[in-house]
Each structure stands twice: as structure tokens, then as C-alpha cells.
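**Student:** Next come the chains, spelled out residue by residue.
2 protein chains.
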Amino acid sequence: MESRLSSRADLIMDSCIMRLIAVAKQPGMISFATGLPDNSLFDTEGLRAAADQVLTGEDAKGSLQYGEAEGLPSLRDRIAKRCRREAGVNATKECVLLTNGSQECFDLLGKMFLDRGDPMVVENPGYLGALQAYSAYGPRMIGVDLSDSGPDMMQLETALKEDPKLFYSIPNHQNPSGMSYSESARQEISELLAGTRTVIVEDDAYGELGYRRRAGKAISSMTDNSVMTGSFSKIISPGMRIGWMVVPDWLLPKATQFLEAFCLQAGSFTQRVMDRFLADNDLDTYLGPIRAEYLRKKELFSDLMEDMLPESFSWNDPDGGMFIWLRTPEGTDAGRLVDSALEKKVVLMPGKPFHVRGGDNTVRLNFATASDEDMKEGMRRLSRAASDAF
Amino acid sequence: MESRLSSRADLIMDSCIMRLIAVAKQPGMISFATGLPDNSLFDTEGLRAAADQVLTGEDAKGSLQYGEAEGLPSLRDRIAKRCRREAGVNATKECVLLTNGSQECFDLLGKMFLDRGDPMVVENPGYLGALQAYSAYGPRMIGVDLSDSGPDMMQLETALKEDPKLFYSIPNHQNPSGMSYSESARQEISELLAGTRTVIVEDDAYGELGYRRRAGKAISSMTDNSVMTGSFSKIISPGMRIGWMVVPDWLLPKATQFLEAFCLQAGSFTQRVMDRFLADNDLDTYLGPIRAEYLRKKELFSDLMEDMLPESFSWNDPDGGMFIWLRTPEGTDAGRLVDSALEKKVVLMPGKPFHVRGGDNTVRLNFATASDEDMKEGMRRLSRAASDAF
Chain A
1 MESRLSSRAD LIMDSCIMRL IAVAKQPGMI SFATGLPDNS LFDTEGLRAA
51 ADQVLTGEDA KGSLQYGEAE GLPSLRDRIA KRCRREAGVN ATKECVLLTN
101 GSQECFDLLG KMFLDRGDPM VVENPGYLGA LQAYSAYGPR MIGVDLSDSG
151 PDMMQLETAL KEDPKLFYSI PNHQNPSGMS YSESARQEIS ELLAGTRTVI
201 VEDDAYGELG YRRRAGKAIS SMTDNSVMTG SFSKIISPGM RIGWMVVPDW
251 LLPKATQFLE AFCLQAGSFT QRVMDRFLAD NDLDTYLGPI RAEYLRKKEL
301 FSDLMEDMLP ESFSWNDPDG GMFIWLRTPE GTDAGRLVDS ALEKKVVLMP
351 GKPFHVRGGD NTVRLNFATA SDEDMKEGMR RLSRAASDAF
Chain B
1 MESRLSSRAD LIMDSCIMRL IAVAKQPGMI SFATGLPDNS LFDTEGLRAA
51 ADQVLTGEDA KGSLQYGEAE GLPSLRDRIA KRCRREAGVN ATKECVLLTN
101 GSQECFDLLG KMFLDRGDPM VVENPGYLGA LQAYSAYGPR MIGVDLSDSG
151 PDMMQLETAL KEDPKLFYSI PNHQNPSGMS YSESARQEIS ELLAGTRTVI
201 VEDDAYGELG YRRRAGKAIS SMTDNSVMTG SFSKIISPGM RIGWMVVPDW
251 LLPKATQFLE AFCLQAGSFT QRVMDRFLAD NDLDTYLGPI RAEYLRKKEL
301 FSDLMEDMLP ESFSWNDPDG GMFIWLRTPE GTDAGRLVDS ALEKKVVLMP
351 GKPFHVRGGD NTVRLNFATA SDEDMKEGMR RLSRAASDAF
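Line by line, the protein sequences are chains A and B.
Okay, so the first sequence: first residue is 1 according to the working numbering, each after it adds one.
Okay, so the second sequence: first residue is 1 according to the working numbering, each after it adds one.
The shape of chain A in the complex, shown without the other chains:
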């Protein structure tokens, strides 16, 4: 019966993300693998109070009823304001659409833009979850290598000559590499995009997690052909599944139609709870301790790496987000390290699946999820795994 499936069933990329989450839950496992935020930072009491207010408030019934396809107007307005102030994007509430996490944006955008064989530009490495969503629509992915300051501009310029439909990018504290685009890279990209018909999809999932400041203004503030996506998953709660996209005027009617066909609407209840939570909590005040804690964990994790990993390994020093990008020596297969670590009950995410080419000697490390104790024990195990594998 598998033969009855659509051609998309063959096109869709595999992703090990959710499988890794399952493996990481096994007893005794320590995970540096997933993209989960630190549980202990969730404000359960604040969200409980918000849920309580919503369900005892005047419009409690409304929070349980169907809502607008576009999402709750007051929450869309909050997001638009934040995008204007923090990212410099000219957003109004009318152009903000709420989704079930930003993952849904990538599927929607793939569905709206991509016919089989259409070129699209992706970062190499790029975020696997998004690439998987796009892959079902069969685009021809053109990879542009990332350096520490942004994409390779020569490669990007060449890629844009192929008239790609989309350019999917994470300019802030990228998943998987932890790197951010420099200010000049952002400017240069907006200039390269000018005059093309390529829409940049600017994924801002980690934009609020700069430890000391935001990595830079959004590229979407410098170009019109842009869709910016965001999420509360990394800063408040992924389990509430609230993401959004800021779409240009010309795309709004179709995007709303596709969103409605997709899921009718993304969920009145959690949108109201989030809206109430944000009304009661100043977001900057709330984010202060979270940013500080991720910085502390990053430094602890880096120190442990420095102390325990072989000198032949190298890695970066991110200024935000949740990931460090590890390289085993050029020409080696980091998959050996991943396998050896798993035997010692440390779950790693290989870097290879994030790539359209290369990346054999890379591993994505998440330092955000594990407790300090697990981090130390996990690094001891990883050190032994490194000795075994290399």
C-alpha cells in the first residue's frame, strides 16, 4: 500500500530530531543533542496564573472557542511592536499571522512557494527541521556555506542568479552552528536581494537569546521581499506551540487562505494565555535572567570542553542561543564520535544531516538543556568517547 502515497513521500527528508528526543529520555542518558530549552527556566507559576486569569475572566468561553484564522489580534499587535522595536522591522499587527510553532511557517511557506524542482537557497549547514518541511515540496536546494560572520557572499551571489524562490536563513545564533551574521553581512545580503525576485525567509527563533544584546537588525528591515518568522518556544515554552510570521502585504491574502486550509486557526486558548502572560510580565525583565543563565551555561560548557576534549577538536564561542559547533579534525568522520558517545550514554547530534554537502567532521552541541551536573558528567563521558574514537 505504500505505493499509494504521493511523490512527496519519497521526497521528504528524514529527520532524527524527534527520535533523538525519545532516545535522550531513556534512563541514564545525558543529552547534548536536542534543541530543547532549559526546563528549569520555564515560569510555570506565571503561566499558571495567566491560564487561571484567562479561564476565570470575562471572555473565558471565547478562549475555548474558534478564533480568527490569523490569530488573536492583541497578541499579533504585541509581536508586531516587538518586531519593530527590537528588529527594526516595519511590522503591523495586520501582517502578523500566528501558527502552531514556527515549524508550521516553514511547511506553509514551502507549500505556498515551492513547486517540484524550484530552486531555493539554504544555509550550509542549515536548520534540519525547516529543511525537512521544505523537502516535501521537492525544491532544488542550493547550499551556501556559512562562515563565522555570515554566508559566503560569492556563493550567495551565484545562487541568486538562478532566480531562487526562497532564501532560508537564521541570521541570529543559528541552529545548528551558533553563529550570527555580521552587520555588514546583513547589509550586503539586502543589497544582493534588491532587484531579485527571491523572498528571504528570516528565521528569528533565537533572536531574543543574545546574551548581551541582539545580534543585529533584521535583514527584513532592509528589504520588502521578506518573511520573518519567530516563536515563543525558545524563550517561554515550546509546549504552548506559538509561532508567527510577518508577511508582506502582497502575500497576506494567500497566506491567510493557506493557514485556514491548514489548521483553521492555531489555537485560541494558548494564544490567550500567552497574551495574558505578556501583559503581566515585561518581556525584557523576564528575559534578563534567562539570557544570563544561558551565558553562564555556555561558559561552563566551553570551559569543560577546553579542559577535557582533545586539542585536535575545535569549536566556536557563540554570543547567544543554545548551540556550540564542534569540529573533529579535517577529514575525520564525526559520526564515530557520535556512536562512541552513545555507547557511553551521551546523545549527540551529528552535523552531517544539516548539510547539503560536506559537514562530515561536525557535531552540534546543545549546552542549554542539561543541568550543571549532567554537563560535567556528560563531558567526562564525551572525553572518553573522543579517546576511543580518535
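Any given hint could turn out to be false.
Since the list gives no way to pick out one identical chain from another, each pair is judged satisfied if it fits inside one copy or across any two copies.
[Stated by the list, open to error] Listed below are the simulated DSSO-like cross-link pairs for lysine-lysine, each with C-alpha atoms no more than 27 Å apart in a straight line:
{"hint": "1", "residue 1": "61", "residue 2": "161"}
{"hint": "2", "residue 1": "61", "residue 2": "345"}
{"hint": "3", "residue 1": "297", "residue 2": "352"}
{"hint": "4", "residue 1": "376", "residue 2": "61"}
{"hint": "5", "residue 1": "217", "residue 2": "161"}
{"hint": "6", "residue 1": "254", "residue 2": "297"}
Keep in mind that the hints were calculated from the coordinates and are not lab data.
This structure is a prediction, so every number in the text was calculated from the model and none was measured.
With the hints as your guide, set chain B onto chain A.
**Tutor:** Relative to chain A, chain B alone:
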């Protein structure tokens, strides 16, 4: 820039559902148009207590974190048990996948099964929201007319000869018509499907809303090539967005992969709240007053129709669900009634958009949403509209 969109942008059907919800919210409007359940039946206190328990309980943090792509195991188990007991379907928790409302199932199934031009069988009339979801994938829809006891079997037999990928059906208290398949129709359909490669998608959104009993065993209990979909939207809360599908073993790996690519997972928080609510409330006890209230409203609404609408109009007498199917005289255009009613501030849903052919003289009436008072006033207005239009 619209020219940059995929071919799906031209294929996708328009749906007026969410626009009607917006119009219906205008001051002074009375709506018989939408598929919204009766707000006043929502158990806000029960759901508040459930949310409170989840967010003060031992695993409060877990309810805010990412969960399994397939959904919360304990909730999947509850749904599987209910499907076995009520619908006779051989479901285990492993084959239940949770989604953001059952609308998402239709998009997922379209994406998994349909290449452009693939034949699929739909009811005529059929549920517009689902048809819209499928339409983006460009199937060739073969309509099978509905009578009061099920689909036209001659038409279905002929349609199945074209080897359709899917047969989308709502055997219980159908949206839009309110009709249910007879027991013998279900049996006959399972026999027609045997030996074909067609997968029946059995949408059970209204299955729990039989006023006196369930309309019949699921067709999915009589055939293997079936996906059954369901939802808490019509019985507990649409704003929580929890739907599900029961998929056969051979489809499970691909369905899970597509679900993950779609949205990672449908939402830990509302799944836990729903699971808690169902642990604290016996579903049959909970449903008793809801079924009774919808029956009472249906009878009141039918009586008002009898008293106030022209004798040339006809309609059915549903034994469950939320809809009455109105026919203006053969050969007339019910759109005139819809327009005339809107002038008098009654919102109606024309029947035509639910059809792949015909249906010009039909209107879908929802008697579930309006209060008694609004129902009476709305029917007075509708009566005047009928006089003006016919």
C-alpha cells in the same frame, strides 16, 4: 510577486468559513452560518481546574516542553480505548496520532497521498474545510451524491473503478447536511472497498454528538484501509485544537515523519490539560447534558422553521450534530435567500460551496451556536428574508 507562488496557490479552493465567523461577530448579527459549538456548554471551570493541576503538578515543566511527535501517550491511549468501545475500531495507542485539530489531518493526508490529478472520492455535498485542505494538492475530485441514508452506491461503485487514492466521508451527522449513513450503507461501502486500493478517510468530528445514540459503527471497523479522524472541538473546546487520526500500521512511519515535518508536535500543554480533564470527568456523563441540549435546540429550531418558513422550503430532521439542511424550491437559487438574510442581519452559509456539482438551492443551517432568543429573532428575520427573496 504573486507570480512567484507555487501552482498550489491557484489550485487551492476558497473557503468562506473564517470570513463568516468574522462577519457573524459584527454587532447585531445573528448567525446560523458557522460550525461553532455552543459557547455556554464549555466547561471553563473543569478545564481551569485541569490546567491548574497540570501546571502545579509534578511534571509541570514537562507540560511546557516539547513532547513526542505522535502526541501524549496517555491521551492517545484514552482515544484508542474510546474508538474501540464506541466505534468498534481496532485502535491501539500506537496508531493514534495527535494533531492541531482534525483540520490538520486533512492537510496531512492530502500531502501524503495526493499528487496533482490523482482521483479522490468526495461526498456531494462534502465538508468545505476538508475539501479546501485537499484542494491545494490538486486532486481530481469525484463527487458522490448523498441521500438521507448514505452515498449513492451506484455512483460510488463507478467512482471506485477509477482507482481513487482516497474516499473522504463523514458518516455521522455530516457537515453540512446533518445526515448519517445507515448501518446497511456502512456495510455495503466496506464491501465495495474490499479489493480496491482506496483508503477511506472517515471523519468522525460529530460521532459523539448523536442525541440518543451513536449513529453506527465506524466503517473503519469493517476495513483495514482506513484512516479515522476525530476531534475534541465539537464536544469540549475547539480553541484547544486537539484532533487525532487513527492510522493503519503500514502508514504509521510515514505519517509520523510528515507530522514532525509539519509542526514537530501538536502541543504538549493543551494535550496534558485535555488528558487531565478526561481523567477527572467521565466522558459519557459529561456528554449527557450536551447531547440533550443540542437535541432541545434542534427541536426548537425545527419548530421555528415549521412555523415561520414558506411551505415551499424543505429540510431534514437530524438525529445528531449541529446542522439542518435547507432546500429552497427545486430550480431556485438559495443565494438570493442568503443575500436577503444578510441585509436583515442573519448570516447563512450557502450550500453551493460544499458541492462539486449542483446544490444551488441549498443552505446549511447551524442551530447549535445561537441562544434561544437569537434563534427566535433570527428566524423572524429569516422569514422576512424568505418573503423578500421568493
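**Student:** From the Cα coordinates, with 27 Å as the cut-off, is the pair residue 376 and residue 61 best called within, between, both, or neither?
**Tutor:** For residue 376 and residue 61, only the inter-copy Cα distance (23 Å) is at most 27 Å; the intra-copy one is 48 Å.
**Student:** Could you figure out if residue 297 and residue 352 sit no more than 27 Å apart (CA to CA) within one copy, between two copies, both or neither?
**Tutor:** Close inside one copy (25 Å), not across copies (60 Å); limit 27 Å.
**Student:** What label fits residue 61 with residue 345 when the C-alpha limit is 27 Å: within, between, both, or neither?
**Tutor:** Answer is between: at 23 Å across copies they meet the 27 Å cutoff, but 47 Å inside does not.
**Student:** Which holds for residue 254 with residue 297 at a C-alpha limit of 27 Å: within a copy, between copies, both or neither?
**Tutor:** Neither, since 43 Å and 37 Å both go past 27 Å.
**Student:** First find the shortest C-alpha distance between residue 217 and residue 161 inside one copy, then the shortest across copies, and answer within, between, both or neither for a cut-off of 27 Å.
**Tutor:** Within one copy, since 26 Å is at most 27 Å while 58 Å is not.
**Student:** At most 27 Å between alpha carbons: which applies to residue 61 and residue 161, within, between, both or neither?
**Tutor:** For residue 61 and residue 161, neither the intra-copy (53 Å) nor the inter-copy (48 Å) Cα distance is at most 27 Å.
Figure legend: structure checked against the earlier numbered hints; hints not met, in rising order: 1, 6.
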